[in-house]
Each structure stands twice: as C-alpha cells, then as structure tokens.
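So the sequence lines, in the order shown, correspond to chains H and G.
Each residue of the first sequence is one higher than the one before, starting from 210 at the first, in the working numbering.
Each residue of the second sequence is one higher than the one before, starting from 21 at the first, in the working numbering.
Just to be clear, a hint being listed does not mean it is correct.
Said to hold, decoys possible - Once the Cα atoms are required to be at most 25 angstroms apart in a straight line, the calculated DMTMM-like pairs of lysine to aspartate or glutamate come out as:
#	chain 1	residue 1	chain 2	residue 2
1	H	K510	H	D441
2	G	K56	H	E487
3	G	K56	H	E591
4	H	K574	H	D364
5	H	K494	H	E591
6	H	K510	H	E476
7	G	K56	G	E116
8	G	K50	H	D453
9	G	K50	G	E72
For the record, the hints were derived by calculation from the structure and aren't laboratory data.
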Amino acid sequence: VTLDRRRFLAVAGAGAAGLAVGGGAASFFEDASGAASADGVVPFHGDQQAGIATAAQDRLVFGAFDLTGATRSDLRDLLRSWTAAAVAMTEGRPTGPVDGNELAPPADTGEALGLGPARLTITFGLGPSLFSNRALGLASRRPSKLAPLGPLPGDALEPSRSGGDLCVQACANDPTVAFHAVRNLARIGRGAVVIRWTQLGFGRTSSTTSTQSTPRNLQGFKDGTNNIHGDDTAAMSHYGWAGDEEPQAWFRGGSYLVARWIRMLIESWDRASLGDQEATIGRFKESGAPLTGMQEHDPVKLDLRGSESVPIIPLNAHIRLAAPSTNGGERILRRGYSFTDGVDPVTGELDAGLFFVSFQRDPRKQFAAIQTRLGASDALNEYIAHTGGGLFAVPPGARPGGFVGEGLFA
Amino acid sequence: VAHSKITGEEDRYSHTDLSDFQANLYGSRKAFELLKPALVAEGDSGLAATIERRFDTVQNGLDRYRRPTPLGFALYSAVTPADRRAFAQQIDALAEPLSTVAARVSP
Chain H
210 VTLDRRRFLA VAGAGAAGLA VGGGAASFFE DASGAASADG VVPFHGDQQA
260 GIATAAQDRL VFGAFDLTGA TRSDLRDLLR SWTAAAVAMT EGRPTGPVDG
310 NELAPPADTG EALGLGPARL TITFGLGPSL FSNRALGLAS RRPSKLAPLG
360 PLPGDALEPS RSGGDLCVQA CANDPTVAFH AVRNLARIGR GAVVIRWTQL
410 GFGRTSSTTS TQSTPRNLQG FKDGTNNIHG DDTAAMSHYG WAGDEEPQAW
460 FRGGSYLVAR WIRMLIESWD RASLGDQEAT IGRFKESGAP LTGMQEHDPV
510 KLDLRGSESV PIIPLNAHIR LAAPSTNGGE RILRRGYSFT DGVDPVTGEL
560 DAGLFFVSFQ RDPRKQFAAI QTRLGASDAL NEYIAHTGGG LFAVPPGARP
610 GGFVGEGLFA
Chain G
21 VAHSKITGEE DRYSHTDLSD FQANLYGSRK AFELLKPALV AEGDSGLAAT
71 IERRFDTVQN GLDRYRRPTP LGFALYSAVT PADRRAFAQQ IDALAEPLST
121 VAARVSP
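With the sequences and hints as input, model every part of the structure.
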C-alpha cells in the first residue's frame, strides 16, 4: 500500500518538479515584486506563521507529536531547533551537511536536495495536552480558547489518530519537500518527542487567495468557493487571528487549527445519481454554481423557492448548513487536502477523503458551532465519517533570531 | 542496538526476543562505556549524559518484563502493543545520538 501510494505521488508530482539548485537561494526565487513563483520561497518569519493566510500549496504532510518526559527547557530547546531547521528548509537549504563525514550519519536526510524551496511552509501548533502537562508548568500560558472541543455530533474519532502535544503542518508544491520537512523535524526531536500520527495530502481542496481557482475535492465538487481568502486582511483579522480580546498577550496574532480526517465513503458516493449528489451539496457538479445560480461565484440564495414553495437549495444541503448566514455569520479559513491511505482492510474499499484543516480565532464559536450543525443534519453525512483529528493553538510568527512559541517562556 | 529485536522480527518462533534484546542492550552499553572517556575528552559530556539517560529509559522499560523463568523475561507475545511501540521509539531515541559517537571520537 505504501509503495503504491509513493508511486502514485511520484507520478502525480512529476509535473511540478522544482528547479535544481543547491540552496541558500532565497532571492533567486523571488521576482522583483517580491511575489514568489510556484517553486519559490515563502518567508518563514513574520507577524503570523506562514501556511495559514499564505496561498495554499498543492501538497501537505501533517504530523502530530507527543512529548516523552521532556522538561520545560527540553521543550524550549526543541522549539528553537525546529525553528532553525524550518528557516533553512523553507529557504531550500538542508538542515545540516549531507556530505563531509564518512563516519557520521548525514545531518540532513538528503531526499530534498535539488528540489528547491517549492514554496514550503512549516506551521507549528500546540495541543491542549501540552498545557495540562504538569511537568511543563505551562498552565498559566494557555491560550484562552484552547479547550478540547469534545465529541461533536457524528464524531467517530480514533484515539490513535487524534490529538497530540504538538503539530507540524508542512505544505509545499513538491511532496518530497513536504515529507522531508516532517521527517527531519521528527529526527531532530528524537528523544524529546515521538510521532503520534501523520497524514499526507496529495491535492489541495481549497482556494485560499483571491487569485487561486477553486479546486475540487474527491467527491468531484468545487470546494471552498466561499472560503475566507488569506489576502482579505479584514476577514482574517475578524475570523482568523487572535486579537486584543486574548488575555494571553503572547498569543495575540496566533490562530487555532482544527484538523479532521473526513473519510469519504467513495463507493456509495459514486453510485449516487447526479441529482442526488447536487442536492446533497447544494451546487451543480460541473460548474460549481449554487443550485440558485449559473456561475460558480453567483450568490447562494438560500431563501429562493421553486414549485410548491420547496426551497431550491434543500434544507439539509451541505452549503446551506455550512453557510455563514446559517451560523450567525461565522466563517472559517479552510485549508484542506485530499488524502488516500490505500484500501480499508476490513471492507476492501478505498480509504480516501478529505484531510480537513481550518483556521479560526475561536474554535468553539466557529468550527465547533458549524460542525455541530453539520454533524446533526448535513445530507452529506450519509457519505462521510469524521475519523480523527485535533485542535492546536498556532502561535504568532517568529522574528529573525527568535523562535516559534518563544512567548511560552518569556 | 537492533531495532528488529523488539519488533519481534528476529525470533518469531523461538520467543527469546526479550532476553536477546537485553543481551544486545548490554553489549551496546558496554561498547559505549569504552568510548565514553574519549567522548568526554572531546568536550561532549552533554552528549554522553544524554546517551546514558536514554540507555536507562530503555533498560527501565525492559526491567518491567523480567520474570522468574529460565530466560529471565516474559515471552515477546506478552509485550503489549503500546509497549512494543514505546520500546521501538525509545530505541530510536537512543540510537540517534549514539550514531554520532563514532565520528566524534575518531582522530
């Protein structure tokens, strides 16, 4: 299964092969306007961490980690080392020398050499369990909205792929670059952390800037037409970033990440009629237009009724229940990826779906409220299952010379 | 330190894994102790301390499976899935810094 997946990704990734360069070439990849190319550098440093409001790349490798008896100073050392490695890797440089000492294992594992930065972003998050770990003594630094969401309607989360003390979201336009990032961070952290779970995403399912076209998820529908765009700074400060209301001053400018495995029951979906599929989502499959419109970006008219006053967008359609107007105006920034994990060993069916990632300012008021409504009534529930995931506080970005999460120790 | 000792790949039929694992661990530790003075002389006493701490972690986990049997340990089949995973991770955590010792003490 693993081999097949790797082979598939190799084929799928062939079109996106990066420029062959040694490294340290940040300026080489950015044009005069500062806009990065598909293979270029996304700056690691900034007020916010990259990988949230920055344009979604094509590939994802997500890793959750648990601390193993680490002390507070071990955690600080880890975050400092991870930040240094992330700075290097996002600039297309290895984490250390590959060549030079025959007797020592190469410091960097080497598989990303020559692939370039590939717009790699590495985004670090902190799980609720990190703050309830008494040995670390971080309870007084806990971001105010970082409380476990508890089981929501329809949840069937497996513990082995849920939660984690820390998370790393690595996104890039090359799958090997993203994998290399999580692999090397795991290696650097060995002894302080163990990997709890990982997931690889092979295709983005959201447009996160106003210039990206809307991709399709594995159900074949355009997903995220009305997503928050990261370049909409007003929407980001309203829905995305922790602001002055956050009592933990160190966390202002941070965000909250919710991850969910949404397994799609592909076989059932594929034999649903086109009309059923469109009624389930509330959009036309090919055009992506709402059932009340002609073009993808036409307004979703939830109140429009057809013959015998039946709502044109059904009452249990996905886009109705997920719409901001159904949810007290709440919105989230979605940044999910399609995944496949081969074959379900029990049923022999495809194990595939959406690895959902969202960012928001208040996970309970935003994600949990929306998902509670969806989990209870969404017509899509017949074809999906939430099987794992996590909630993480994503600290603000680091300045040059600093490290992500530094505010925990100030 | 052989990873396969604890994943049960080596002695699937004879079930001597844990005693074998212990012998392997003793051997590795002995080898490390021979190199330790050179490591400390190179100014790497922090690395030496890390490695010793991680040897202790693995040993403590293994000690919990000591039994009054001829081989001195429980059968591998008695090791819980969670402990198999923990052993493998602890060995990885030990072997990572251990793998850097040779280059540091070589002239």
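- Hint by hint, which ones does this structure get wrong, listed from lowest number up? 2, 3, 6, 8
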